[in-house]
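Novice: Chains S and W, in that order, give the protein sequences.
So in my numbering, the last spot in the first sequence is 705, and the numbers never skip.
So in my numbering, the last spot in the second sequence is 143, and the numbers never skip.
Simulated from the structure, these hints should not be mistaken for lab results.
All values reported here derive from a predicted model rather than from experimental measurement.
Virtual Cβ for every residue (Gly too), placed ideally from N, Cα, C.
Each hint should be verified, as a subset may be incorrect.
Cβ-Cβ distance ranges computed for the label pairs, FRET-style [as the list claims (entries may be wrong)]: (1) W:Pro80 x S:Met213: 46 to 56 Å; (2) W:Thr139 x S:Gln232: 54 to 64 Å; (3) S:Gln122 x W:Thr139: 49 to 59 Å; (4) W:Glu91 x S:Ser326: 58 to 68 Å; (5) W:Ser23 x S:Asp489: 55 to 65 Å; (6) S:Gln361 x W:Glu136: 48 to 58 Å; (7) W:Thr139 x S:Glu694: 27 to 37 Å; (8) S:Thr115 x W:Leu124: 55 to 65 Å; (9) S:Gln612 x W:Leu62: 52 to 62 Å; (10) W:Met27 x S:Ser586: 17 to 27 Å; (11) W:Leu62 x S:Gln361: 39 to 49 Å; (12) W:Pro80 x S:Val543: 29 to 39 Å; (13) W:Thr139 x S:Glu374: 40 to 50 Å.
Below are the chains, spelled out letter by letter.
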Amino acid sequence: MDVSQYLEIFIDETREHLQSLNEHLLVLEKEPENEATINEIFRAAHSLKGMAGTMGYKKMQRLTHDMENVFSEIRNGQMKATSRLVDVLFKGLDVLEEFLVNIQTDGTEGKTDGQEIISDLNKILESGLGKDDSSASDAKDSASTPADKGEDKPSKDYGKYKFKSLSIDEHEKKAIAKAKLLNLNVIGLTVYIQEYCVLKGARAYMINRSLEEHGEIIKLSPSAQDLEDEKYDYDYSAFVVTKETPQQIINNAISVSEVKEVVADYINLEEKELEKYLNIIKNEEKQSALSMTSGDSGDLKAKTAPSRKQPSKPIANRSVRVDIEKLDVLMNLVSELIIAKNSLVSSSSSLHDQLEIAFYDQIEYLERVTTNLHESVMKVRMVPIENVVNRFPRMIRDLSKKLNKKMELYMTGEETELDRTVIDEIGDPLMHLLRNAADHGLESNEERKNQGKNPVGSIYLDAYQDGNNVVIEVSDDGKGIDVEKIKRKAIDRGTITEEQASRMTDKEIINILFMPSFSTSDKVTDVSGRGVGLDVVKTKIEALGGDIEAKTKLGQGSNFIISLPLTLAIIQSLMVQISTEKYALPLGNIQTVENVTPDEIKMIQGKEVLNLRGNVIPVIRLGEILDCEKSQEAEELVIVVIKKGERLAGFVVDDLIGQQEIVIKSIGKYIDNHKIISGATILGNGEVALILDVNSLV
Amino acid sequence: MDEINSKQFISVRLDKDLYGVEITYIDSIIVMQNITRVPKAQPYFLGIINLRGEVIPVMSLRRKLGLPDDEFTNVSRILIVKPEPSVAPFGIIVDEVNEVISLDRDEIELINYDEDDTMAGFSAGIGKLGDELINILNIPEIITGNEK
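Given these sequences and hints, build the entire structure.
Specialist: Shown next as structure tokens:
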């Protein structure tokens, strides 16, 4: 079978499975007894193996197979997920990731074959099952939970009758008892699908449909959702409540094409259990009879309704994978539409008297539609930052081992969404900040203990939306940034003079950190300290139209605050006039607009400031900064108050033109503009206006 | 005419002299537009224009070459050029666009390179066109090189 057309799907799904394995392994390390997690891991590893096998990636299949063996032993309670074991498993995942990267680049798995990991795994497997101490204690552990043990005895081999090894839940047992009460058969079956079957999901669905014609499916393993998503090998099991005999059910299921084999048998509960559930059912019926006098629920459908709910089909996955390029094209078209709309608006305003009211209604309608269209397209391009940050817990775990410091990463707001292009770029800067926090921010465990802190360091990654911006904070509860140390370093390196240093505020000193090749670390480690760091972070974030700020309290930790625009392509802006020129200010940064008289502006230390309702803010005359031609001093100044983080500043402009939705265009690389201009936009009349980067001006 | 040994140029006038721009660099030639000034930009960049929905930087060739400042007339034109096929275009303002000319390779003489003379770097040679001399512009160097 030609599988090349599935390669992309394979790569996507493999990545998802690897991510899920990574996440669940982390959980497993902390809670070795967590059964749900073990099952999840087992399932992901199993699907991975199946997929790699189908695609013909033998090394990948082999490695996942061996890993799966280990998972299966853990699941059976034969082995315990020790830290050492998890280490090896993580290494295995790394090798798998390597395979994936190679497959992505040239379609082959590459040279490494993961033999080392495989032999490690096998060694662990042997020793783990043998006389290893940990397994002995583990045996005791699992013995203390006999309830779990009694339910699944997966070690017993039922051959083809795989359904017999399934564990039966409470409500399923109840449903079985109920069926007995109604003289119906409960039949378990395992369906084997032909290996060449391409649409396994659809095939399973068809089989289930045909089963449902004769009864009710009360259990599916794997779940209906997994079956539909093809997350199963070539067989699955089900329990059916029906009037038919097993043979009839087999005939029924095998009539669906591409089914290789079906085995089925009656399912019976043990006498005691049956009685217990029958009693429960009787009690329930009495109660419901009391509460509900009318309506008898004699027929099968109504009776089994509650139990049916569980395996009934979950809401189908209603999403489509779309190539990001197609979205870019869509976004460009929306941009063009908005330019066209703006030009229509501007030409209609010049024809003022000659147009009917109805025309303006339509224009307004068009404006609403284009705005909504833009929003919808933007939302389509939005991706939760989860996609980037979900690899960080693993990274912190590895760092913790490498640096020999105990630390925890706490993340919030992973669901916060950002434009796809931003998401793709933000990973590295965040990783850098986290590494910094782990390496330089946090003290060693002993130091922390001596200072009366929790010996385990904490690193926080918090994301949230703030107006038109998304803020991501990376903070730690470590030693904080030593301002004096930076000062000394900066003077030593000649970055600033002694005199300058004495005049600089702490905040300004901290900002030195963002200057190229500045590192305060005394020693260069594997992890960080080479000084190619924060400046790169800053450049990257500024390239995305964002901003980064550092805060610190010596001894209590430091905090890096990144703020990023929600979208890069289209923004709401306030158009202002300065001298004869028009400029756009992003609306998201604007706090208020004030009219003040010139004498309200005072001079403090040679700088102009304005007392705005008790808040003294610096006043920036945009005309001077932008070298515009001097305009006459007006009787009243228009000041646009800009907010950047917690800082405010007033921009003096000559006039306000109005709010407008603008499409951001780059002014290209040729022109050097000292960062005050973040881009340009084309106005309705075809003129070009510049967009001011308020972050660099404040 | 021999394809390999001859190249086509657009001859343009700047101040009193003739300059040539190899035709492969030229994307289009447009009439003067409203140019939006970009603050703090290099002095020879007059600003940006809107060319069919794209924002394109425009430079004054006179300023770049150290000639007296532009005076825009109704024959002033903006040549939209691309230093390489796949990079972003930019505009250069000329006083007048004359005609398309063909020059054989042996009709173009390279001028001696002099380290102190940055202007020489902007030239890809001197062509002879009848009695007149035509200075062939080195477009990639004009966008990357430093002005005088």
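Novice: State for each hint whether it applies.
Specialist: Now the hints, each set against the structure:
Roughly 54 Å separates the CB atoms of proline 80 (chain W) and methionine 213 (chain S), a value that falls within the hinted 46 to 56 Å. Threonine 139 (chain W) and glutamine 232 (chain S) have their C-beta atoms about 58 Å apart, which keeps the hinted 54 to 64 Å range intact. Against the hinted window of 49 to 59 Å, the Cβ-Cβ separation of glutamine 122 (chain S) and threonine 139 (chain W) comes to about 51 Å, which satisfies the hint. Between glutamate 91 (chain W) and serine 326 (chain S) the beta carbons are some 59 Å apart, a value that agrees with the proposed interval 58 to 68 Å.
Separation of serine 23 (chain W) from aspartate 489 (chain S) is about 58 Å and conforms to the stated range, judged on CB atoms against 55 to 65 Å. A hinted range of 48 to 58 Å for the beta carbons of glutamine 361 (chain S) and glutamate 136 (chain W) is consistent with their spacing of about 53 Å. The hint said 27 to 37 Å for the Cβ distance between threonine 139 (chain W) and glutamate 694 (chain S), and at roughly 29 Å that hint holds. Evaluation of the 55 to 65 Å hint for threonine 115 (chain S) and leucine 124 (chain W) yields a pass: the beta carbon distance comes to about 59 Å.
A hinted range of 52 to 62 Å for the beta carbons of glutamine 612 (chain S) and leucine 62 (chain W) is inconsistent with their spacing of about 45 Å. Remark: the range hint 17 to 27 Å for methionine 27 (chain W) to serine 586 (chain S) is upheld by a beta-carbon distance near 21 Å. Checked against the hint of 39 to 49 Å, the pair leucine 62 (chain W) and glutamine 361 (chain S) passes, with Cβ atoms roughly 48 Å apart. In this structure the supplied range 29 to 39 Å holds for proline 80 (chain W) paired with valine 543 (chain S), their Cβ-Cβ distance being about 31 Å.
The given range of 40 to 50 Å is respected by threonine 139 (chain W) and glutamate 374 (chain S), whose C-beta atoms sit roughly 43 Å from each other.
Going through the hint list in order, the structure does not satisfy hint 9, though it satisfies all others.
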